[in-house]
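Chain by chain, the residues:
Number of protein chains: 2
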Amino acid sequence: MHRNDEMKLGLFLWGAGYHEGAWRDPGAPANCGVDVGHYAALAALAESAAFHLIFLADTPSVSELDDAHIARSSRNDGFEPITLLSALSSRTECVGLVGTATTTYNQPYHLARMFASLDHLSRGRAGWNIVTSGFKLEAANFGERELPDHCARYARAREFVEVVKGLWDSWEDDAFIRDKRSGIFADIKKLHLLNHRGNNLSVRGPLNIARPPQGYPVLVQAGASDTGIEFAAEFGEVVFTAAPYLEYGQKYYSTLKERARAHGREDDQVLVMPGLIPIVGRTKQEASDKLERLHSYEHIDAQIGAANRGLGSVAELRSLDLDAAVPETLPQTNFIQSRQKLYLDMAARQKFTWRQLIRFISDTKGHLMVVGTPDEIADAMVEAFDERAADGFNVIPATLPGGFKDFVDLVVPELRRRGKFRTGYSRQTLRESLGLKLPPNRFAQAGVSNRP
Amino acid sequence: MHRNDEMKLGLFLWGAGYHEGAWRDPGAPANCGVDVGHYAALAALAESAAFHLIFLADTPSVSELDDAHIARSSRNDGFEPITLLSALSSRTECVGLVGTATTTYNQPYHLARMFASLDHLSRGRAGWNIVTSGFKLEAANFGERELPDHCARYARAREFVEVVKGLWDSWEDDAFIRDKRSGIFADIKKLHLLNHRGNNLSVRGPLNIARPPQGYPVLVQAGASDTGIEFAAEFGEVVFTAAPYLEYGQKYYSTLKERARAHGREDDQVLVMPGLIPIVGRTKQEASDKLERLHSYEHIDAQIGAANRGLGSVAELRSLDLDAAVPETLPQTNFIQSRQKLYLDMAARQKFTWRQLIRFISDTKGHLMVVGTPDEIADAMVEAFDERAADGFNVIPATLPGGFKDFVDLVVPELRRRGKFRTGYSRQTLRESLGLKLPPNRFAQAGVSNRP
Chain V
1 MHRNDEMKLG
11 LFLWGAGYHE
21 GAWRDPGAPA
31 NCGVDVGHYA
41 ALAALAESAA
51 FHLIFLADTP
61 SVSELDDAHI
71 ARSSRNDGFE
81 PITLLSALSS
91 RTECVGLVGT
101 ATTTYNQPYH
111 LARMFASLDH
121 LSRGRAGWNI
131 VTSGFKLEAA
141 NFGERELPDH
151 CARYARAREF
161 VEVVKGLWDS
171 WEDDAFIRDK
181 RSGIFADIKK
191 LHLLNHRGNN
201 LSVRGPLNIA
211 RPPQGYPVLV
221 QAGASDTGIE
231 FAAEFGEVVF
241 TAAPYLEYGQ
251 KYYSTLKERA
261 RAHGREDDQV
271 LVMPGLIPIV
281 GRTKQEASDK
291 LERLHSYEHI
301 DAQIGAANRG
311 LGSVAELRSL
321 DLDAAVPETL
331 PQTNFIQSRQ
341 KLYLDMAARQ
351 KFTWRQLIRF
361 ISDTKGHLMV
371 VGTPDEIADA
381 MVEAFDERAA
391 DGFNVIPATL
401 PGGFKDFVDL
411 VVPELRRRGK
421 FRTGYSRQTL
431 RESLGLKLPP
441 NRFAQAGVSN
451 RP
Chain U
1 MHRNDEMKLG
11 LFLWGAGYHE
21 GAWRDPGAPA
31 NCGVDVGHYA
41 ALAALAESAA
51 FHLIFLADTP
61 SVSELDDAHI
71 ARSSRNDGFE
81 PITLLSALSS
91 RTECVGLVGT
101 ATTTYNQPYH
111 LARMFASLDH
121 LSRGRAGWNI
131 VTSGFKLEAA
141 NFGERELPDH
151 CARYARAREF
161 VEVVKGLWDS
171 WEDDAFIRDK
181 RSGIFADIKK
191 LHLLNHRGNN
201 LSVRGPLNIA
211 RPPQGYPVLV
221 QAGASDTGIE
231 FAAEFGEVVF
241 TAAPYLEYGQ
251 KYYSTLKERA
261 RAHGREDDQV
271 LVMPGLIPIV
281 GRTKQEASDK
291 LERLHSYEHI
301 DAQIGAANRG
311 LGSVAELRSL
321 DLDAAVPETL
331 PQTNFIQSRQ
341 KLYLDMAARQ
351 KFTWRQLIRF
361 ISDTKGHLMV
371 VGTPDEIADA
381 MVEAFDERAA
391 DGFNVIPATL
401 PGGFKDFVDL
411 VVPELRRRGK
421 FRTGYSRQTL
431 RESLGLKLPP
441 NRFAQAGVSN
451 RP
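Chain order of the listed sequences is V and U.
Numbering-wise (the UniProt record's numbering), the first sequence opens with residue 1 and increments by one.
Numbering-wise (the UniProt record's numbering), the second sequence opens with residue 1 and increments by one.
Excised from the complex, chain V in its bound form:
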């Protein structure tokens, strides 16, 4: 298996940072969620460091309706990702722009069109993180009482992605000839109707925008359940995952690559990029102090809120003895099953009490957090990379902009000294930057025309 010996790096952007208490940091912007200057400065910093992409998570609802948590959370005031990335497309040149959008409560025509538009705006730097909705509050914003079950959500997601790809193929790459002399703008032989009629969706097409510069914006996925991994193996080009320790990551990595091979996909076309939360200090003590300071910002209510959400709201955390051991199993949920499983795996492995598990969830949400010197952080990254647990990382600063500045100033140079990270951009599009192939147009490839 050939693999480029350099890591892929993404920057996970979320308001004042990933830590629930980050907004209280003196360096955090006051209105962290809706300050475009904050995001633009971070995107520029990512670009100056030659990061492959910036990444925006998303849920179309508030995080929950627990008053105590809402009062202390900065998460319910933030930009919608596609609009924010579109704005950032004007303020960046090279960095990839990856946004999350759910397949559960969207229309594929709108989403295909918006990501195509973003890909044109950014000249080939768009990526779509494909998710299914996992929180009950989302359903209520879209006229539903309950989420569809896990299986139904993934069935729709598969169909949705096929429809979106089909819409992107509406026009062949050279369909718009724009010949001013003859007056022929479009070669109609290169226009294809999708005419999709499936179990969940019915969409005719064609899309009213040229095929995206990348063919398809880069398809990002984060599947972790069995169905989710299968989905990622079939569709994901970048897979964002949580791997809290090396063996966990290795197992995921080998499983995913093996399943992708079963779909006829090459290893370097499915890039595994687990999250990494770096708490960087010039000394170990300085790093620990930074984490301690973050802990001091965080009220137990906010921690419990985050943990409750992370566990699928199945445990009545507020009524528990927090110093008791976490049991081996909890009631299964319809959503975030795999994340719940990861938490229980960690609790068993580390013999966590509830209090420790709550802290783990609120600190990391399951991702690898490394608290240490630049050397120690680089060690952990290179180990995961060399030992085939990762093709790169989605770097998730606990605080923004501070945590990312630290990473760029202190860790990136160390990765470069070790020959593991590049110093600049040589390719134009995100797809090229990641070494991903240009997807052929399904209609052009088959020589098929399904026009009426």
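Check before you lean on any hint, since a few could be wrong.
Unchecked claim - Each computed BS3-like pair below joins lysine-lysine, with the alpha-carbon atoms no more than 25 Å apart:
| id | chain 1 | residue 1 | chain 2 | residue 2 |
| --- | --- | --- | --- | --- |
| 1 | U | 251 | U | 420 |
| 2 | U | 290 | V | 180 |
| 3 | V | 136 | U | 189 |
| 4 | V | 189 | V | 251 |
| 5 | V | 284 | V | 405 |
| 6 | U | 437 | U | 420 |
| 7 | U | 136 | V | 190 |
| 8 | U | 190 | U | 437 |
| 9 | V | 405 | U | 180 |
| 10 | V | 189 | U | 136 |
| 11 | U | 180 | V | 290 |
| 12 | U | 351 | U | 341 |
| 13 | U | 437 | U | 165 |
| 14 | V | 190 | V | 420 |
| 15 | V | 190 | V | 180 |
| 16 | V | 180 | U | 405 |
| 17 | U | 351 | U | 251 |
| 18 | V | 165 | U | 136 |
| 19 | V | 437 | V | 405 |
| 20 | V | 290 | V | 136 |
| 21 | U | 180 | U | 165 |
| 22 | V | 136 | U | 165 |
| 23 | V | 136 | U | 190 |
Derived from the structure by calculation, the hints contain no laboratory data.
We have chain V already, so just place chain U on it with the hints.
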């Protein structure tokens, strides 16, 4: 009735220009629909001329599936408006950013959120042009065989707008206190659930973004049918309309203001901005030559395609004797009824043959086109403004960038000489720039809390 004695001006942006043949103009950018630099330069020019807003029309489908028209049309390759406006928010400072989005095939939660996000990105410059879908091809992209009928579309639109406004009111203006010392981010007493359950929509809320800087982005409407005018009278703050001659515009203007008064709204809170297509020449002959050149770009197939679409696809135009007179009535359609009516009104008034009507539709789509010197164009504008047919205009250049450069260089100075147009921006938000009041939050106003 008090009225500011200066006009409001918008710039209607559409690829290489409004004229179907505009893309063949030597000055048109080759890929006019997806060239962000083209749009950014035009937005900057609008801003340099102190225009109130730029305006993007939209239909989520190709314009039609008539091969002859598609082959010659530049309309099927364009940015999606919300993403384009978001990108332009980074490249402009003062000009309003108005985008069209349909209430027929969208989810209010997504739309409320995106326009709120655009309003934050632009620091209060967003506007939403509220439409119902009028073309059958849209239905097919969203799982429907046919459009809902006119009445059902407006019923949904009314409910949709109420839901969107309710979602924008989710958080009171000062709900996010962000007190780093106490750790309280949000005052939950200022959070309101919408809990809407209606005939067409069921949406709980709240929105996961702060109330827009403008309270609500400016609500733009273009109702022309009886139901449409009623809708505009109730909700529209800027009303974009087609008024091909003075008396037509006056009648619309007085009807709309009167109906708005019946809703308790003040005249200066409902701004009528008809379209104006200026073909500017330093001499009348130069202007006529410009139009002639445009005509030479336009194939009869493209003209017929546009006219057929404009008439609601009820006339088999290709099989008609084009030199016969247009009849007084045509079969009524489920969509664009009012525009069809306008065309028949013009045909009767001007005793058009089919060929002349087709030319009128393809040149103007019903809007006032003035072909002449800067003086003549200013005359027509000032007349409509002074005679209460317009509070301003949505300027619709036939070619872009050329037609707009002409307008800015030659007509704007003339309007200023006459004291009818401003020289710069004094207010920050679009709402302030238009003299529109900040809408109160419905929950704060009533002192109501409907939290559970």
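Contradicted hints - numbers only: 4, 14, 19, 20, 21
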